[in-house]
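Need the complex rebuilt from these two chains, each delivered in its own frame; the hints are there to steer you.
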Amino acid sequence: MSRTVALKALGLVVLAVLALLVPVLAPDPATTNVAVFTMMYVGLATAWNIMGGYTGYISLGHAAFFGFGAYSLGLLLNQLHIAPGYGPFVLVPVAGLLAALLAVGIGWVALRTRAATFVIVTIAFMFMLQLLAENLVKLTGGGAGLSLPYPRDWGGDFFNTPYYYAMLALAVLALVVSWWIRRSKFGLGLLAIRDDEDKALAVGVPTRAFKLTAFVISAGLVGMIGAVYGYYVTFIYPQFVIDPLIGISMVLMVFLGGLGTLSGPVLGAVLLEPAQLQFAYHFGASRLYLVLYSAVFLVVILLMPRGIVPSVADLWHRWRRRRAAGPTATARGPRKAVKAASP
Amino acid sequence: MALVLEAVVLGVLIGGVYALMASGLTLIFGVMRIINVGHGALVILGAYLSFALFRSLHIDPFLTLVVTVPAMFALGVLIQFIFIRPLRTDREALSVLVTYALALGIEGVLGYIFTTNYVELRAWYETASFPIFGFYITWVYVFGFVLCLAVLGALFLMLYRTPFGGAVRATMLNRTAAQLIGVDVDRVSALAFGVGMATAAAGGVVFGLTNAFNPGSHYDLISRLLTIIVLGGLGSLRGAVIAALIMLITTEVAAVLISPVWASFVFFAILVAVLIVRPQGLYGVRVRERI
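Protein chains in written order, with the working numbering: chain H, 1 to 343; chain B, 1 to 291.
Bound-form chain B, shown alone (with noise of 0.2 Å):
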């Protein structure tokens, strides 16, 4: 029963990191109607920046996102200026293929750099841990924990509490209809994606202080966000941090109770009945594309 508890603590623990990896994941798809395949990769792309600054200089991962964040939103402004933008005709197909593509490259030029050898991001939190209920927690989980809560809140601040917020979910909610009213939705997308990758740059690090990565991390990884967006309806963010945190935690648990290698396949499973019970996800409507 103890470990059942310490699972379902774990779990709600990596469950808000993976919150704030499917949030960006997420808002680019309810902005743009993309689906983000490299993702994954910009992940990957944050935790090996913060870790490039970390070797270097030897300061703490987390001082890293100081640099971190600007760096990945200018670059999310840069893809989607590139990359995005030009799509004209069948974006959603179109998009899959080039973020995909992106995300090839992307490892190509990490493994070129760093190799396919597994780093990983060390500090003194990352060992020491302190007791409750019986049993020990390490304290990374509980800093990445506050900076991911910290991030998500300041998100839907931004959302819900200001104009540009107010632009973003117009664009989310009817492109063509916030166009008419005066939003420059080019410019809305262009940040939207910038603040996605900001928050792939902050789950980076905790992603990079809680595992081992390599360049060809981002795979598993992206099955797992996608999957997670799916299960919290595609588009919206508070389906987003419930699908994360009942994935995790299922996962979590499962590692006890069954074993550890066939957590992950928990994860898929939930997503098969999700499907069959209900196909739009969580929070997700069913929109009738193209009408």
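In isolation and in its complexed conformation, chain H is listed as follows (with noise of 0.2 Å):
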């Protein structure tokens, strides 16, 4: 057992090195770019498995607080006349913090509902906002778009440096949150939550309030990640900011990956990202990369719904229990009664 744990801790080192070392080893601005986009999806699939992984409460409308965080940020920087730099990156998490306050309201009126009615409610809210950043012109600039200053010094190769570890910084961060709340009671109650609802009520797990909290995690950490993105393109628009592909792309991610799983967000935001990068590339102009980006997502839900993380594990365990039933079978009878429960 020890040994696997020193293996995992080995990998996790290695692949926190690579990580950091991105723009090291590939310093070309068109590498970086993807790197970037990469990690800023890294951090929406795993903050976004927060609520539709643990709680099993899907949120299309999770581009709303992306967009939110963008035009927060946007808005504070331009007021506030901050100069282009680092120093914006420090009102990143002011701009979470008010993502976080907007699901507080949010979620409150669309957690009234179950499962299926909050799916469309979050897709209303979602072009709800969207209708607000166009029509409250004299705030958002509306359907012209919101400029955010932009850093002239970093030059060349240097641009999407600082971006970069932004995003991996925020990436880490969903991902000790997210770790940290599957380890919790709090975590518990959540996974309680999407087994049955009403067992868990029952049980005493005060329902409402821990979706409610996870919505807000989960909303607050993808408005930072928007914030970052919004002073990286420097502009703006309702329909690319809130964009209902955005959403989408993040639950995409977490099934591919594994729903309620740590790594399958991570997996499946590295899998597909650079992926949908290039189709945009070289499909965008015809529309067709949408074609191809349905039929991934069809793919993926008809033939693999539970995801790559969990369908390998499995496979794992079951080589696993294969290789161990010669002498030490009985030995490992009770840990095989424990794997069979648990579904």
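Please keep in mind that the hints were generated in silico from the structure rather than gathered at the bench.
Mixed in with the good hints there might be a few duds.
[Unchecked claim] Interface residues of chain H toward chain B, partial, derived using beta-carbon atoms under 8 Å:
#, residue
1, 6
2, 10
3, 31
4, 113
5, 116
6, 119
7, 124
8, 127
9, 240
10, 251
11, 291
12, 301
[Said to hold, decoys possible] Taking CB as the label site, the calculated pair distances span:
#, chain 1, residue 1, chain 2, residue 2, range
13, B, 166, H, 137, 52 to 62 Å
14, H, 137, B, 269, 45 to 55 Å
15, H, 137, B, 5, 22 to 32 Å
16, B, 116, H, 277, 16 to 26 Å
17, B, 116, H, 278, 18 to 28 Å
18, H, 136, B, 238, 53 to 63 Å
19, B, 220, H, 152, 50 to 60 Å
20, B, 220, H, 79, 43 to 53 Å
Cβ coordinates follow ideal geometry from the N, Cα and C atoms, glycine included.
Here you go:
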């Protein structure tokens, strides 16, 4: 057992070093641009999973918090006349806090309904926010977009680097939060809600408060990532930053990797986002990338609804069991029973 | 005052169209317990099918329904067969994603064939109007409303006066019990999906006649349709019709009294109010899920 722990730790260290070294190993802007977006989706998918994966409440409107974070940071920077550079990153948590506050309101209304209606309400709220961003022209610039300060000093190969590390930091934060929740009593309550909300309530899980907390944490993280995104692209428009496609992308990544797992969303994002960027780059003009995207989506949901991580873990356990089914079979007996009991 | 009256009349006429589109959506939810997020895209697909026939054959847009309604019905049965039926576990959540993916695929294909430029279905009644109560109503709204009434009437007759309708209603009430008394729920589901698509085709023609549309129009449409069926109560046809009328009358009146850009916002404001006061919608029942 300690050997697997050591192996896991080693794997994590290797991954961390690799993630830290990306801008050094591949400094050209084309690659680091892909890296920024991939890391962004690692964070987004992980954050979405805290709500969607743990509680089973699917939100298709998380792009609302993404866009809200971007607009919050943009407006803060413009109103406070913050100079471009590293300063704006300091305000990213403020944008996340604002998104979390918005999530308290939205969640309070949306979570009055059960799963099916919740999905619809999140979609409706996303479009409501998009409409607000378009209509409040004096504040947001409306359809003409909002410009954020542009750091001119960061030229050439270096430009993407600060954004990459900001996205990496947020992704790690999301992962740590997700890991901590998974191990806490709070996380256990969330999983109970996913399995049977009425029974969870009956045994004393404060379901409403738990659901709302998970929703707010998830939204706050997404808001911070959205803020960094806004600063990165420097020009934000309602339909591109509160984009249903961003909302659905994080969902697809979670489902591809494994709903409710810690590593699944990361794997899903790392596999899908570079491919998505390639799709958009090669087929974007003809809209064919949407067809390809939809095809990937359908294949994942229809053929592998549980995702990669749980499917592979299953195979791995079965293989281990078969190997252990020799002389030590009896010693492994109880563990097997436990494994079989958990769904 | 005359402006408000005009807005109310227009709201009723357009509300009829939304009632038709939403009825298909709520029927599908009622029978299969799935939320068809692709419904908006399928309405737009219906509009584009009519547009293609209209452009190549130069016939009246309403005449294209002879082709598009059966075609969309068949497509609906096919979609249910290929994409919805294989979902065995966690249907409710997975079906949302599958239908969302279908919407994206349809948007992509339509964008590839027709580009993203806005198009419109044209006919003489699209511009010709007649005076009533001191203002003018364009004929297209009246014709569209009559068509929607006819299709909705047929839908209600089918549901409440035919054996098939009985099977559909039984499936809506309790899927397992319906199966036990000999209803072939898979067949009912497939046909119900087909009927839902057929209404989408009819709704698509009227939508295309009264709006300029492009492949991306489905987002705006689906958010409105979903809002309507939540307001009406998921799975309730009567609720969908009444909710559509309430929503569209309010929107049209708000467009006159406040401003057109804020009209859609009123739509969502009503949704929020309803969710706070009555989360199950007007005609919905609070169901305990997974008993």
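CB of residue 116 (chain B) to CB of residue 277 (chain H), is that within 16 to 26 Å?
Because 20 Å falls inside the window, the suggested range holds.
Proposed interface contact between residue 10 (chain H) and chain B, which counts if any beta carbon pair is under 8 Å:
violated (35 Å)
Could you tell me whether the CB distance from residue 220 (chain B) to residue 152 (chain H) stays inside 50 to 60 Å?
About 38 Å separates the Cβ atoms of residue 220 (chain B) and residue 152 (chain H), which means 50 to 60 Å is violated.
Residue 137 (chain H) versus residue 269 (chain B) beta-carbon gap, inside 45 to 55 Å or not
violated (19 Å)
Can we keep the residue 291 (chain H) interface hint, with Cβ of chain B closer than 8 Å?
holds (4 Å)
If you check the beta carbons of residue 116 (chain B) and residue 278 (chain H), does the distance land in 18 to 28 Å?
holds (21 Å)
Was the hint right that residue 127 (chain H) lines chain B, CB cutoff 8 Å?
Residue 127 (chain H) check passes; min Cβ-Cβ to chain B is 4 Å, inside 8 Å.
Do the numbers back the hint for residue 301 (chain H), that is, is its least Cβ distance to chain B under 8 Å?
holds (5 Å)
Does the hinted range 52 to 62 Å hold for residue 166 (chain B) and residue 137 (chain H) at CB?
Holds, since residue 166 (chain B) and residue 137 (chain H) (Cβ atoms, about 54 Å apart) stay within the stated range.
So, as I understand it, the hint says residue 240 (chain H) touches chain B; can you test that by seeing if any CB pair is closer than 8 Å?
violated (12 Å)
Residue 136 (chain H) versus residue 238 (chain B) beta-carbon gap, inside 53 to 63 Å or not:
violated (37 Å)
Using the C-beta atoms of residue 137 (chain H) and residue 5 (chain B), is the stated range 22 to 32 Å upheld?
holds (31 Å)
Violated hints for the displayed structure, listed by number in ascending order: 1, 2, 3, 9, 14, 18, 19, 20.
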